[in-house]
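Asker: Chain by chain, the residues run as shown.
Number of protein chains: 2
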Amino acid sequence: MTTRPPDPEDLAERLLRARLTRRQLLAGALGVAGAAAAGRFALGQSPPPVDTTKVPGFPATEVGARTPFEQPFRIQVGQHSWFAPIDRTYGIITPSDLHYVVSHAGTADVAPSAYKLLIHGMVGNSKAFTLADLRRFPSVSLTYSIECSGNSANAWFPPVPTDTAQNVHGLTSTSEWTGVPLSLLLREAGADRNAEWLLAESQDAAVFAKSIPAYKAWDDVLVAYGQNGEALRPEQGYPARLIVPGWEGSVNIKWLRRLEVTDRPFMGREESASYTDVLPNGTSLQFTFEMGAKSVITWPSGGYRVPAAGFWELTGLAWSGRGRVARVEVTTDGGSTWADARLQAPVLPKAHTRFRYPWTWDGKPAVLMSRVTDDSGAVQPIIDDLVKERGLHSIYHNNAVQAWSVEADGSVLSTHDPFRTALAAPGGDREALVRGFPGCLA
Amino acid sequence: MTTRPPDPEDLAERLLRARLTRRQLLAGALGVAGAAAAGRFALGQSPPPVDTTKVPGFPATEVGARTPFEQPFRIQVGQHSWFAPIDRTYGIITPSDLHYVVSHAGTADVAPSAYKLLIHGMVGNSKAFTLADLRRFPSVSLTYSIECSGNSANAWFPPVPTDTAQNVHGLTSTSEWTGVPLSLLLREAGADRNAEWLLAESQDAAVFAKSIPAYKAWDDVLVAYGQNGEALRPEQGYPARLIVPGWEGSVNIKWLRRLEVTDRPFMGREESASYTDVLPNGTSLQFTFEMGAKSVITWPSGGYRVPAAGFWELTGLAWSGRGRVARVEVTTDGGSTWADARLQAPVLPKAHTRFRYPWTWDGKPAVLMSRVTDDSGAVQPIIDDLVKERGLHSIYHNNAVQAWSVEADGSVLSTHDPFRTALAAPGGDREALVRGFPGCLA
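Protein chains in written order, with the numbering used here: chain V, 25 to 466; chain H, 25 to 466.
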């Protein structure tokens with residue numbers, strides 16, 4: 025959030041104070057910058073103002089460190105899900121060390137020298153590509169967002185006032201990905217153009233695997249080995265992963281070891297027991313890959329406080345798995361009136377687009393919401409629309425409009441959109457409800 | 025370099041081995057991933073291949089760490105200059121902790137609570153903006169490259185064969201910068217539109233200061249507080265700096281504390297004794313702010329080895345302070361024939377643009393060069409053109425075509441362009457020569 029002022033009640037600062045010990049260790053290990061400033065934090069207070077023109081600066085290092093004054097971090101929710109601080113980022117890029125993480129058996133520790141990607145099945149000649157092979161192919165670098173289909177699942181249920189943008193909506197991140205178009209590798213292996221499916225398999229301890237329609241594989245899928253100017257981070261699938269633009273995170277297979285070209289879906293656990301959408305009639309929707317049009321106001325958002333009445337710039341992120349963001353509307357009066365937000369260039373397909381909206385707060389309670397329309401014409405729904413369509417038990421792919429209430433004292437709480445009638449009962453044990461859905465957030 | 029294969033002779037790997045102790049400390053502090061892999065490195069050999077599907081992965085952490093298999097780092101050249109690994113990055117973004125660093129008195133350790141930006145001089149009402157104030161203004165996020173005017177200064181002199189892309193051309197980096205348009209702050213302070221200059225001053229121990237023409241300040245200059253999705257890193261001027269798109273790094277004042285609106289340049293040390301271009305007649309060019317059209321092949325480049333004859337994708341970076349890259353030509357036969365390289369989207373103004381060129385190496389010695397043309401029509405010169413124009417002593421703003429020679433065994437050496445007649449004598453003590461130019465690389 026580019027406009028958040030320092031604030032004693034500030035969520036990030038409260039969380040930071042709660043984690044000083046870890047911060048100090050880290051900072052201490054990350055060079056003089058960190059060590060110096062961590063020393064301050066050790067005193068548990070701000071330093072006396074120093075005239076920096078009168079003291080020599082500290083030397084640079086081979087690898088730089090963050091200032092201890094700005095230490096965003098991921099928050100763990102559930103066993104294997106780490107939520108990105110989407111309320112504490114700037115622009116659209118997510119720093120690689122803060123990218124959200126969802127894994128099913130932890131982070132696989134793959135040695136690049138031992139890495140191979142096998143392409144087999146309905147192919148002319150099976151191929152096993154080493155990392156060196158992959159890096160020899162003509163490559164592209166493209167900026168895409170990834171979102172877990174379980175992102176915002178908690179918001180499917182009546183919101184808890186203390187919900188924050190990070191711990192409810194933080195399972196989405198944006199990177200510049202560098203890699204090889206998968207179509208190139210499929211051609212290299214002589215893949216059968218009549219084969220309608222691909223099985224993509226990870227080499228993590230879950231041997232996590234998903235079926236992907238061939239038409240997508242031949243379209244814009246990448247086998248990526250670079251992320252934001254460097255090699256993939258281990259948690260994002262080092263040494264190589266799939267990037268399936270606009271589709272749910274689970275098919276963007278990390279630690280990719282095998283692609284089987286086939287004429288039918290694999291029907292594995294992760295596409296039968298999990299990652300399916302239970303309908304009112306008891307059947308389930310399968311292979312709902314595409315992520316819907318969605319937006320979240322990141323400042324002000326749950327846990328922050330608007331310091332005073334007056335002018336503030338609201339900001340947030342909008343995206344769609346279908347294409348580009350065409351329009352974002354914002355309301356500050358609970359939906360009575362909506363106005364267009366400013367979209368920040370570049371507006372990239374299947375990637376976060378930052379929006380901004382000038383707001384003069386009169387100091388009275390207010391309800392803030394945003395609503396995105398993508399270039400396919402799809403409009404972000406309210407929760408009732410989703411419930412009408414999918415019933416009560418379909419918590420994946422929750423792209424519903426999200427509401428924040430600003431109290432008279434400026435504190436910001438999570439609240440349901442004022443139109444909400446479905447699932448409007450008090451929160452209850454959402455963790456238990458969520459655990460009831462296999463694979464969700466796992 | 026997106027296409028470099030693992031290679032026993034590889035520069036990065038040799039440098040990494042030379043720094044294992046530091047890597048281990050770092051990795052050890054950076055979580056299980058690092059620790060585990062650093063343990064391997066401690067053995068000074070690769071691990072026995074592990075079946076990662078049979079062992080649980082390691083847990084994610086609040087802040088992720090790089091794999092110890094991929095540890096790019098900056099190289100210090102001279103007292104205050106750290107060169108970015110431009111030969112070991114992907115796409116166009118430079119990871120924030122690897123952004124090049126040039127400082128004049130180390131990194132100022134500024135506490136955000138104590139930060140103020142003063143705008144005064146020919147203004148209606150002087151203003152002192154806190155960091156909170158700056159963050160309240162409407163903000164933008166734009167991707168620009170910064171280059172030190174001393175970048176490639178070593179290449180002005182006859183090249184030393186062991187020169188690398190990093191330690192000669194690494195004083196340039198690219199980030200997504202988030203901040204406030206300076207024009208907004210100038211309006212807020214009621215700056216006099218007739219004032220022709222601005223003095224921009226740092227609060228580092230050098231109180232580094234430069235004069236900037238007002239027309240540029242009112243055009244596209246930013247006061248930036250965000251870098252690649254997070255707060256500025258201390259070495260890049262935390263909490264706020266100037267971004268002066270396309271102009272030499274030294275005017276992109278870091279740790280910015282004061283902007284004085286004035287009717288004449290300041291004529292300070294850094295624009296009289298330093299950062300001037302000495303001409304043959306003994307006079308000097310001042311205020312040569314704009315960086316020229318420039319390109320560098322980053323793979324293969326000095327210190328690497330082309331493993332074998334056959335197909336390889338050459339890659340490199342091209343940019344211009346004047347605007348967008350319009351065309352990049354590559355020669356692999358020492359300039360006899362040139363062919364267009366592929367430009368990778370997005371092609372952003374005043375930012376690195378990655379280019380790629382398919383090359384089939386016949387295994388014989390070859391000389392590789394690239395030449396950029398920007399959208400103003402400016403073509404990257406050869407060194408002789410620069411010498412004709414500026415004489416022998418003008419080592420700033422060296423945007424001359426750079427040549428790499430590929431030997432029969434595949435090893436890549438730095439060499440002068442085959443057209444070079446000026447300064448063609450053997451290298452000599454370039455460090456001494458460089459030290460002879462005040463401020464250069466400092």
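Among the hints, a few may not be true.
For identical chains, the list gives no copy identity; a pair is met inside one copy or between any two copies.
Unchecked claim - Listed next, the in silico SDA-like pairs over lysine to any residue satisfying Cα-Cα at most 25 Å (straight line):
no., residue 1, residue 2
1, K412, T186
2, K240, V74
3, K412, E337
4, K78, E295
5, K240, N218
6, K78, W385
7, K151, W383
No wet-lab data here; the hints were simulated from the structure.
Asker: For each hint, tell me whether it holds in the structure or not.
Answerer: Against the structure, the hints:
1. K412 <-> T186: Answer is neither: 27 Å inside a copy and 68 Å across each miss the 25 Å cutoff.
2. K240 <-> V74: neither (57 Å within a copy, 32 Å between copies)
3. K412 <-> E337: Answer is neither; intra-copy 34 Å and inter-copy 53 Å both fail.
4. K78 <-> E295: Intra 63 Å, inter 22 Å, cutoff 25 Å: inter-copy only.
5. K240 <-> N218: within (13 Å within a copy, 58 Å between copies)
6. K78 <-> W385: neither (42 Å within a copy, 56 Å between copies)
7. K151 <-> W383: between (57 Å within a copy, 23 Å between copies)
Violation of the numbered hints given earlier is confined to hints 1, 2, 3 and 6; the remaining hints are satisfied by the structure.
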